[in-house]
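One line per chain: the protein sequences are E and F, in this order. Read left to right, the first sequence gives residues 1 to 386 (this note's numbering). Read left to right, the second sequence gives residues 1 to 296 (this note's numbering).
These are calculated hints, taken from the structure and not from any lab test. Possibly wrong hints are sitting among the right ones.
Label-pair distances were calculated between CB atoms; the ranges are [unchecked claim]:
id, chain 1, residue 1, chain 2, residue 2, range
1, F, Q121, E, D185, 19 to 27 Å
2, F, Y112, E, N140, 35 to 43 Å
3, F, V154, E, A275, 50 to 58 Å
4, F, I74, E, Q98, 53 to 61 Å
5, F, I224, E, N165, 47 to 55 Å
6, E, V374, F, T132, 38 to 46 Å
7, F, I224, E, V45, 20 to 28 Å
For clarity, every value in this text was computed on a predicted model and none was experimentally measured. Beta carbons are placed, not taken as given, at the ideal position from N, Cα and C, and that holds for glycine.
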Amino acid sequence: MRKSKVLLGVAVIMLGLLSGCSSAGTPKDSEEIKIGGDLELSGGVATYGQSVLNSINLAFEDQNKKGGVLGKQLKLITADNKSEAGESTSAITKLITQDKVVAVLGAVTSSNTKAAVPVSADQKIPLITPTATNSEVTINKDGSLNKWVFRSCFLDPFQGKVAANFVSDTLKLKKAAIFIDQKDDYSKGLAAEFKKVMESVGGTITDTENYVGGDKDFKSTLTRIKASNPEVVFVPGYYNEVGLIIKQARELGMIVPFVGGDGWDSAKLPELAGAANLNNTYFVNHMWAEDPATKPFADAYKAKYNADPDALAALGYDAAQMLIAAIKTSGSTDPEKLRLALENTKDFQGVTGVITVDPKTHNPVKSAVIIKLVDGKKTLLTHVNP
Amino acid sequence: MDSITTQVFQQLINGLSLGSIYALIALGYTMVYGIVKLINFAHGDVMMVGAYSGWFAITVLHLSFLPALLFSMISCALLGVLIERIAYKPLRNASRIAALITAIGVSLFLEYGGMLVVTAQVRTYPPVFPDTKFIVGGVYFKYGDIVMLITAVVLMALLHFTVQYTKVGKAMRAVSFDKEAALLMGINTNNIISFTFAIGSALAAAAGVLMGVYFNTIDPLMGIIPGLKAFVAAVLGGIGIIPGAMVGGLMLGLVESIVSGLGASTWRDAVAFLILILVLIIKPSGLFGKNVREKV
Numbered sequence: 001m002r003k004s005k006v007l008l009g010v011a012v013i014m015l016g017l018l019s020g021c022s023s024a025g026t027p028k029d030s031e032e033i034k035i036g037g038d039l040e041l042s043g044g045v046a047t048y049g050q051s052v053l054n055s056i057n058l059a060f061e062d063q064n065k066k067g068g069v070l071g072k073q074l075k076l077i078t079a080d081n082k083s084e085a086g087e088s089t090s091a092i093t094k095l096i097t098q099d100k101v102v103a104v105l106g107a108v109t110s111s112n113t114k115a116a117v118p119v120s121a122d123q124k125i126p127l128i129t130p131t132a133t134n135s136e137v138t139i140n141k142d143g144s145l146n147k148w149v150f151r152s153c154f155l156d157p158f159q160g161k162v163a164a165n166f167v168s169d170t171l172k173l174k175k176a177a178i179f180i181d182q183k184d185d186y187s188k189g190l191a192a193e194f195k196k197v198m199e200s201v202g203g204t205i206t207d208t209e210n211y212v213g214g215d216k217d218f219k220s221t222l223t224r225i226k227a228s229n230p231e232v233v234f235v236p237g238y239y240n241e242v243g244l245i246i247k248q249a250r251e252l253g254m255i256v257p258f259v260g261g262d263g264w265d266s267a268k269l270p271e272l273a274g275a276a277n278l279n280n281t282y283f284v285n286h287m288w289a290e291d292p293a294t295k296p297f298a299d300a301y302k303a304k305y306n307a308d309p310d311a312l313a314a315l316g317y318d319a320a321q322m323l324i325a326a327i328k329t330s331g332s333t334d335p336e337k338l339r340l341a342l343e344n345t346k347d348f349q350g351v352t353g354v355i356t357v358d359p360k361t362h363n364p365v366k367s368a369v370i371i372k373l374v375d376g377k378k379t380l381l382t383h384v385n386p
Numbered sequence: 001m002d003s004i005t006t007q008v009f010q011q012l013i014n015g016l017s018l019g020s021i022y023a024l025i026a027l028g029y030t031m032v033y034g035i036v037k038l039i040n041f042a043h044g045d046v047m048m049v050g051a052y053s054g055w056f057a058i059t060v061l062h063l064s065f066l067p068a069l070l071f072s073m074i075s076c077a078l079l080g081v082l083i084e085r086i087a088y089k090p091l092r093n094a095s096r097i098a099a100l101i102t103a104i105g106v107s108l109f110l111e112y113g114g115m116l117v118v119t120a121q122v123r124t125y126p127p128v129f130p131d132t133k134f135i136v137g138g139v140y141f142k143y144g145d146i147v148m149l150i151t152a153v154v155l156m157a158l159l160h161f162t163v164q165y166t167k168v169g170k171a172m173r174a175v176s177f178d179k180e181a182a183l184l185m186g187i188n189t190n191n192i193i194s195f196t197f198a199i200g201s202a203l204a205a206a207a208g209v210l211m212g213v214y215f216n217t218i219d220p221l222m223g224i225i226p227g228l229k230a231f232v233a234a235v236l237g238g239i240g241i242i243p244g245a246m247v248g249g250l251m252l253g254l255v256e257s258i259v260s261g262l263g264a265s266t267w268r269d270a271v272a273f274l275i276l277i278l279v280l281i282i283k284p285s286g287l288f289g290k291n292v293r294e295k296v
């Protein structure tokens with residue numbers, strides 16, 4: 001009995017090896033270009049992963065309808081990283097070693113992308129993250145460049161800088177209070193840069209207060225902020241808390257403008273804050289759906305998925321298009337040539353703005369938009385160039 | 001009024017609103033403890049269920065505030081009785097630790113079962129009150145604040161009346177005092193215990209609806225922290241003592257507001273639990289508690 005089981009096992013392994021050999025040589029492979037997607041398809045930020053997946057599919061389908069790239073069809077192979085860093089490492093390993101993809105798109109969050117970076121470097125396969133905004137994604141801690149990693153979004157400090165310049169130049173206000181999510185690196189990063197830039201242009205910070213993500217009662221702290229008499233309040237948080245903060249601030253009679261970052265971008269915000277309370281609030285974002293450069297994409301996305309694209313979707317679309325453009329210019333799918341083409345991306349017309357990759361840092365140089373909320377609806381106020 | 005006085009009064013209003021929610025939840029804790037000596041850790045989650053039933057009543061059944069409040073209180077009273085009959089009654093004569101662990105189990109069941117049914121997504125409460133603001137001497141409060149305080153006070157007064165001046169209340173006090181003797185006097189202790197759970201859960205449901213209206217977001221894990229805070233409030237006032245829970249709840253709300261108002265907002269949870277530790281060290285029976293010598 002035991003012997004037969006062992007034999008069976010050997011037979012299964014042999015079969016596996018054989019089939020592995022045969023599939024590597026199928027003629028179908030030469031007609032398509034395989035691209036990997038290391039994405040958050042389940043777990044905590046599954047909605048983010050889904051947005052990016054939708055827009056990558058949209059970009060690839062469009063391109064395939066036009067005859068593909070280099071006469072070949074693009075094929076996306078996804079691997080779910082379950083919104084966890086460890087899973088992200090195994091997902092990208094599987095994509096590169098088993099599925100033999102020529103490049104990988106993903107992951108969505110900074111920590112999951114960081115977990116995928118060493119694998120792409122070892123295997124020498126380009127990795128483009130649409131949305132990881134942490135500065136250590138492309139630059140190692142020792143200051144050296146991660147040669148194989150690229151991104152289509154701008155970085156956290158840039159948002160803080162844009163917000164501070166907007167407050168001092170456009171709103172012409174000098175006295176700001178800052179309200180930070182103490183648990184979150186994103187929030188702290190934006191706040192630090194905002195403070196630095198505000199102070200460098202002669203502004204003052206009247207009060208800096210903290211909250212912890214998940215809090216619901218902000219009234220006591222807001223009362224304190226109000227007493228410091230700021231002309232504007234900077235809240236670099238996520239929409240769940242920001243909505244409640246703005247609502248409670250308005251209830252306390254604070255009528256000053258509130259300013260924030262891309263964490264505000266959600267259809268939930270007006271529900272949480274109340275549409276009228278959002279008047280006189282502004283946030284930095286990656287794109288505005290009604291922009292001439294963005295509108296065709298937004299319309300196509302809406303037609304296909306029956307939902308408005310968020311910034312993540314737009315950035316995912318740009319990451320996919322950057323890759324397509326790189327394959328076209330290099331005329332090959334050789335990883336090293338792709339890497340060089342991506343590194344030299346210049347004046348690429350994306351849906352989130354014109355992207356030029358800085359070869360020294362692999363960070364894109366691109367513009368941001370300032371969104372003004374009017375009765376809960378997003379309207380464009382201005383474009384800000386770096 | 002100058003700005004410091006205004007700030008102090010504003011913080012008092014903030015603290016009282018928050019405190020009245022804690023007080024309502026703490027009452028349920030204290031009543032259940034008083035009668036069966038069980039710390040019902042599922043109490044905060046019953047409040048969560050109350051918030052969701054209120055949300056359901058308002059958005060799906062299109063009820064107004066008061067009917068929705070009643071709907072939610074009645075459904076949670078039933079839930080409380082159900083929990084008591086299924087989870088706690090079989091363990092009434094088991095060791096206290098067994099009942100406590102069961103309570104934690106029920107709590108986790110409600111939290112994650114709730115997540116399964118209504119998803120982890122945060123939901124928003126529809127506005128049920130007009131957005132009117134009142135400004136008195138620079139202190140802002142809204143229509144909802146006043147309704148909340150009134151609702152809390154009315155419910156507490158009703159509870160006090162029930163416990164002190166009705167037959168059921170008398171029976172409750174008797175069971176709490178000595179279960180066996182009450183049984184010998186012809187009191188149906190099982191029914192009285194169920195009734196206590198029903199009232200406690202109904203108060204938690206009211207707190208849930210008020211919280212939903214006040215913060216306008218609800219999620220399946222919303223009961224954990226307020227539940228723990230209310231437990232602190234109950235211990236602070238003396239667990240098992242009804243006026244103690246009211247005072248403890250209001251005090252805790254005020255302390256939190258003052259701590260945040262002094263600029264240490266991230267410390268307010270720490271301060272709440274520090275108070276719990278101090279009370280347990282200095283006066284374990286709580287502010288209103290009497291030292292009762294254990295009979296050996």
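inquiry  = Hint compliance check: list the failing hint numbers for this structure, sorted ascending.
reply    = 3, 5, 6
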